Amino acid sequence: MREKKDPRATYGEALLAVAEKNDRVLAISADSSSGSGMTPFRNRFPGRHIEFGIMEQGILGFASGLATVGWIPFVAAIAPFVTARPFEMFRNDLGYMKQNVKIVGRNAGLTYSDLGATHQSLDDVAILRTIPGLVVVCPGDPVEIRLAVEAAAAHEGPLYLRIGAPPIPVLHAPDVPFQLGKGITVMDGSDVTIISTGTALWRAFDACVMLHKKGISARLVSMHTLKPLDRDLVCDAARGTGAIVTVEEHYLIGGLGSAVAEVIACEPCPAARLAMIGVGDQFASNGPYDELLGLYGLRAEQIVQKVEAFLRSPAEDALAARASKGSR
Amino acid sequence: MTGLSSDETARLRDAALQMRQNIVRMVRAGGGGHAGGALSCTDIVASLYFSVLRVDPANPLWPGRDRLILSAGHKCMALYAALAQRGFFDEKLLETYGSLNSRLPGHPVMSKIPGVEANTGALGHGLSIAGGIAMGLKLRGLTAKVYVIMGDGELAEGSNWEAAAAASHHTLDNLVVFVDRNGLQISGETRGVMNYEPIAQRWTAFGWSARQIDGHDFSQIIEAARQTPFETGKPSVVIATTIKSKGLSFAEGRMEYHYWKPKADELSRAERDLGMAADDSKRRK
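Here the protein sequences line up with chains A and B, keeping their order.
Residue numbers for the first sequence follow my numbering, beginning at 1 and rising by one.
Residue numbers for the second sequence follow my numbering, beginning at 329 and rising by one.
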């Protein structure tokens with residue numbers, strides 16, 4: 001069995017470790033501290049843990065003000081309540097003011113599966129990607145979460161960190177090279193590239209393993225930073241495999257798939273075919289997490305089927321697409 | 329009566345008059361602007377910048393400075409005038425108001441001009457930001473104060489009341505709000521659009537210490553500001569009754585001058601009202 005860890009606990013441990021070294025780091029709670037793994041921080045640094053209660057609009061403004069005076073606030077709460085709800089505060093008080101504030105959206109994607117669409121977060125990346133200068137990070141395993149928290153504290157400026165809730169397996173070595181804005185090639189391959197991110201990464205990983213067993217050489221990229229996007233790595237995938245499948249626990253509108261499409265649709269990126277796996281234009285349903293993922297094709301075996309079908313789809317179409325792009 | 333000397337009163341009256349003149353110059357340069365609210369809060373802003381705030385124009389980011397957050401960011405012409413007259417930047421820059429890429433946009437931007445402490449404009453943001461600054465100063469052991477200017481129409485924004493509750497819960501007695509209660513907003517009288525009365529009781533119910541003053545009386549403004557915190561451990565709010573478009577005879581107390589786009593002879597009437605030289609526009613160019 002692979003080692004699995006709770007992403008919220010992992011975040012909390014990483015934040016505590018960062019705070020031990022940097023006395024400007026604050027933990028900010030909207031009645032959300034214990035659910036965000038910040039109890040160890042509160043116990044260790046009670047004076048640097050600030051509780052606000054359930055006021056997610058005001059809390060972003062307070063974080064902005066705290067940053068103005070030199071503090072580095074980490075605000076962690078349920079993802080939709082610190083993204084969609086206070087979007088204008090995010091945009092103006094953090095983005096427009098270029099404040100050194102880190103917002104952590106937990107239970108992102110479908111991970112609040114049983115609580116329904118009010119608590120799921122399938123649009124956070126889409127709306128936040130529009131904020132100039134914001135860094136959007138979706139770490140995909142416990143190692144990436146720890147390294148992302150370290151990178152977030154070191155980065156000067158606003159940053160959004162998106163994590164889930166159910167335990168996720170460790171995929172990387174503890175010292176995997178990690179840099180904001182640079183994706184990680186987890187597995188090499190030449191037939192197709194699967195680009196995945198965040199909560200969806202480990203199922204994409206399992207799908208790649210299965211594809212290799214079936215004789216399909218699938219490359220796997222962990223695109224942990226969705227903004228700024230690693231355009232070079234996307235173009236490398238286009239050049240090297242000619243086919244890309246994106247896998248994300250997010251709406252197809254505006255998320256990882258859209259971001260990748262924005263790159264490969266434009267010169268000078270080489271032509272490539274693209275398929276996207278994610279949630280379509282609907283409010284998602286509710287139920288057990290794994291079964292809910294199954295409704296939207298996000299389980300590993302479904303990813304395998306989708307990739308196989310994609311690679312089998314008419315070659316003429318693909319050739320025509322390449323020819324028309326190549327002739328420009 | 330307070331101990332405000334006649335010299336200081338005269339100095340503030342001159343500074344405020346100059347600010348109003350500069351606001352008219354900005355409206356002339358830009359072809360329009362949110363003059364109504366800028367003119368109603370002018371005496372408050374003048375009192376703060378010329379008698380109260382510990383700021384250093386030569387070192388605008390001095391960590392120990394007092395801060396002023398203009399939550400009602402559309403009143404920015406008052407802020408720009410005060411900052412220029414206080415020496416944060418050259419007054420000639422005021423003439424760029426409304427031009428392409430001007431450093432003085434219709435709502436203030438901190439990266440564009442020294443002395444601006446927050447990018448306001450969307451209402452209901454300033455109090456939270458100011459609360460965070462006040463909290464951050466206390467955490468660092470600094471004694472500076474944070475002043476906020478809010479509009480009365482702005483009080484309808486729910487986010488303000490999140491901030492008000494948090495400020496009292498966290499005992500931010502270094503936070504001082506001036507409500508520029510000019511009684512008017514775009515659609516009419518503030519009480520009629522969305523009634524905020526009883527305004528002082530609303531704040532005190534949220535744990536603030538409140539005082540009501542005449543927002544055009546320098547003695548009352550200065551006395552209130554200097555006596556903050558009104559109660560130790562509580563944030564303070566000064567509800568300042570003002571007149572919208574104060575100083576312009578044809579516009580005072582009239583809702584249609586919320587955003588003033590001068591018609592016909594209005595600019596010259598404004599110049600006469602404020603004792604500006606007849607050739608002011610030529611002289612300035």
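Hints are not guaranteed to be accurate.
Keeping only pairs whose Cα atoms sit at most 35 Å apart, straight-line, the calculated DSBU-like set for lysine-lysine is [what the hints assert, rightly or not]: (1) A:Lys213 - A:Lys98; (2) A:Lys213 - A:Lys4; (3) A:Lys98 - B:Lys591; (4) A:Lys182 - A:Lys306; (5) B:Lys591 - A:Lys21; (6) A:Lys21 - A:Lys306; (7) A:Lys306 - A:Lys5; (8) B:Lys562 - A:Lys227; (9) B:Lys589 - A:Lys98; (10) A:Lys4 - B:Lys589; (11) A:Lys213 - B:Lys591; (12) B:Lys420 - A:Lys21; (13) A:Lys182 - A:Lys5; (14) B:Lys562 - B:Lys440; (15) B:Lys589 - A:Lys21.
These are calculated hints, taken from the structure and not from any lab test.
Quick caveat: nothing in here was measured; it's all calculated off a predicted structure.
So, going through the hints one by one against the coordinates:
Between lysine 213 of chain A and lysine 98 of chain A the alpha-carbon distance is near 47 Å, which puts this suggested pair outside the 35 Å criterion. With a C-alpha separation of about 23 Å, the suggested pairing of lysine 213 of chain A with lysine 4 of chain A holds against the 35 Å cut-off. Restraint check for lysine 98 of chain A and lysine 591 of chain B: not satisfied, since their Cα atoms lie roughly 39 Å apart, outside the 35 Å limit. Note on lysine 182 of chain A and lysine 306 of chain A: the hinted pairing holds, with a Cα-Cα distance of about 26 Å set against a maximum of 35 Å.
With a C-alpha separation of about 62 Å, the suggested pair lysine 591 of chain B and lysine 21 of chain A falls outside the 35 Å cut-off, and the hint is violated. For the given pair, lysine 21 of chain A sits about 45 Å from lysine 306 of chain A by alpha-carbon distance, which is inconsistent with the 35 Å threshold. With a CA separation close to 28 Å, the supplied pair lysine 306 of chain A and lysine 5 of chain A stays within the 35 Å bound. Only pairs whose Cα atoms come within 35 Å are accepted, and lysine 562 of chain B paired with lysine 227 of chain A is rejected, the gap being roughly 42 Å.
Among the hinted pairs, lysine 589 of chain B with lysine 98 of chain A is consistent with the structure: their alpha-carbon atoms are about 33 Å apart, no more than 35 Å. A threshold of 35 Å between alpha carbons decides the hint, and for lysine 4 of chain A with lysine 589 of chain B the separation of about 64 Å lies outside it, so the pair is violated. The hinted pair formed by lysine 213 of chain A and lysine 591 of chain B fails the criterion: a straight-line CA distance of about 78 Å is larger than 35 Å. Simply put, lysine 420 of chain B and lysine 21 of chain A have alpha-carbon atoms about 47 Å apart, too far for the 35 Å limit, and the pair is violated.
Proposed proximity of lysine 182 of chain A and lysine 5 of chain A is supported: the alpha carbons are some 24 Å apart, at most 35 Å. Of the pairs offered as hints, the one joining lysine 562 of chain B and lysine 440 of chain B holds, with about 34 Å between alpha carbons and a cut-off of 35 Å not exceeded. Pair hint lysine 589 of chain B plus lysine 21 of chain A does not hold up; C-alpha atoms about 55 Å apart against a cutoff of 35 Å.
Checked against the numbered hints above, the structure violates hints 1, 3, 5, 6, 8, 10, 11, 12, 15; every other hint is satisfied.
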